[in-house]
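Colleague: For reference, the chains in residue letters:
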Amino acid sequence: MTTSVIKYVGRATDFKGKTLWEIIGNLKNFGVGRIIVRSVFERYPEPSYMKIVKVETTPDEERRRVRIWVEKTFRGKKLPNLTEIYRTSYKPDYKLIPKNEEAKLLNATAVHETQEILPNRIEMPALMKKFIIKDHENKGLEIVSDFTMPISYNHSPNRVKRIAKDNEKPTVQFTMGLGKPASPSLYEGVPLS
Amino acid sequence: MLSLSSLLKRTLPLVIQSAEAHRKPRWLPVAKSKIYRIPKRPVISEEERLELLRLHNNYKTQMRSIKRFYHEEMIKEKSSRESASSEMSQRIEAEEWARCVELNEKWNAQVALDRQERRKLEMAEQDEYALKRMERADVLQKERIAKASEEIRRQKELSPTFITPETLEAAIDHAIANPTDYNFAIDLKGNRYEGRDVQITYAKENKAAKSASA
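Chains A and B supply the protein sequences, listed in that same order.
For the first sequence, this note's numbering begins at 9 and goes up steadily by one.
For the second sequence, this note's numbering begins at 496 and goes up steadily by one.
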């Protein structure tokens, strides 16, 4: 499967490394106990790595994939549950950590933490407000005064930021407008209201 | 022939070029000459990247909340509509039901009348058919009986000639005494000479005439 000469075809990719099976298939006991990393997560200063706990091979139709369970540490924080890797196991983005470098990762203490609290409600956009007023008038319902709606977030075990509960005061505020630019230099000469 | 002036005064150009987009159909694979071409990725500055990331994240959060809001509203509306219908329109539904039952009974009565009428006609038809069949059967039976009695009469008439055990001996004797030979021969003139062992005697005058002529 692996060849020394690589000829690239098609679009460039951010991935760097091998597929999971290319690594695991060559290891003793399918690499249980070894440490792998996703190279896209190496952009963070804190260490992200995965320790292989269990490996299951897949039928021949899915020969690019493999089903493994890992103890995952993301940005220095170890997740409480085992993580299954199957759907993403074909991605050529995994890297095996040599045994003499494992200690360096395991002993790293940097943890990504933040005290930020995300809001749980957001104000409606202007047109939606007007639409809702009209709609309630047409249906003969009471006139609304609260023009906010709940924000829904995608679930992720990697989330560090907390979502505000009930009436908790969030530290960041999302609006329907442009918001505060991350790079103000791009908006020079543009009136931001 | 086209005249030069008509050619020059024409409204449409002689050759029409259509500018179609030259494109590979979607289902064809990558062209051979383009297999190893790696498209250049856009280079954006770090500032721009951060700003675009922020804007995209904002947009996705906003759209997700709007979508979720309307989805939940739709579900709420649906459930409220169902509950409302269960309360308010129960009366309407009952009325509708009563009306339907009444109408149904009316239809049923009408259908019952029609059915009675039809049954009467059908019964009459069946009776007629059965009677006809019986009559025909009677006639046939009578004919058969007549035929049989005729046969019996004929056999009775013939019965004195039957060979019974008593008359068997006499019949055998009679048969031996009068043997019947069914063999026969035919001459050229079609005269029949019955019997196998019959001596054929030709007419004498014929022979004499023949010998005289010879």
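These are calculated hints, taken from the structure and not from any lab test.
Keep in mind that a hint or two might mislead.
[Unchecked claim] Below, a sample of chain A positions facing chain B; criterion: calculated Cβ distance under 7 Å:
(1) 14
(2) 16
(3) 24
(4) 78
(5) 149
(6) 153
(7) 159
(8) 179
(9) 180
(10) 182
(11) 185
(12) 187
(13) 190
(14) 193
All figures in this text were calculated on a predicted structure; none of them were measured in a lab.
Think of the CB as a built atom: it goes at the ideal place given N, C-alpha and C, for glycine as much as any other residue.
Colleague: Identify whether the interface hint at residue 14 (chain A) stands, where standing means a beta carbon of chain B within less than 7 Å of its own.
Modeller: violated (12 Å)
Colleague: Grab the minimum C-beta distance from residue 24 (chain A) to chain B and call the hint holds if it beats 7 Å, violated otherwise.
Modeller: violated (15 Å)
Colleague: Would the stated hint for residue 159 (chain A) survive a check requiring a Cβ distance to chain B of less than 7 Å?
Modeller: holds (5 Å)
Colleague: Min Cβ distance, residue 193 (chain A) to chain B: is it shorter than 7 Å?
Modeller: Where the cut-off is 7 Å and the nearest Cβ of chain B is about 6 Å from residue 193 (chain A), the hint holds.
Colleague: Do the numbers back the hint for residue 16 (chain A), that is, is its least Cβ distance to chain B under 7 Å?
Modeller: holds (6 Å)
Colleague: Does the CB of residue 185 (chain A) sit less than 7 Å away from some CB of chain B?
Modeller: For residue 185 (chain A), the interface hint is violated, since the closest Cβ of chain B sits about 9 Å away, which is over 7 Å.
Colleague: Let's test the interface hint: is any C-beta of chain B closer than 7 Å to that of residue 78 (chain A)?
Modeller: Since the shortest Cβ distance to chain B is 27 Å, the answer is violated.
Colleague: Holds or violated: residue 149 (chain A) as interface residue toward chain B, Cβ cutoff 7 Å?
Modeller: violated (11 Å)
Colleague: Is the interface hint satisfied for residue 180 (chain A)? The criterion is a beta-carbon contact with chain B at less than 7 Å.
Modeller: violated (11 Å)
Colleague: Hold the hint about residue 153 (chain A) up to the distance rule: shortest CB distance to chain B must be less than 7 Å.
Modeller: violated (16 Å)
Colleague: Grab the minimum C-beta distance from residue 190 (chain A) to chain B and call the hint holds if it beats 7 Å, violated otherwise.
Modeller: Holds, because the Cβ-Cβ distance from residue 190 (chain A) to chain B comes to roughly 4 Å (cut-off 7 Å).
Colleague: When the nearest CB of chain B is found for residue 182 (chain A), is that gap smaller than 7 Å?
Modeller: holds (6 Å)
In summary, the structure is inconsistent with hints 1, 3, 4, 5, 6, 8, 9 and 11 from the numbered list given earlier, while agreeing with the others.
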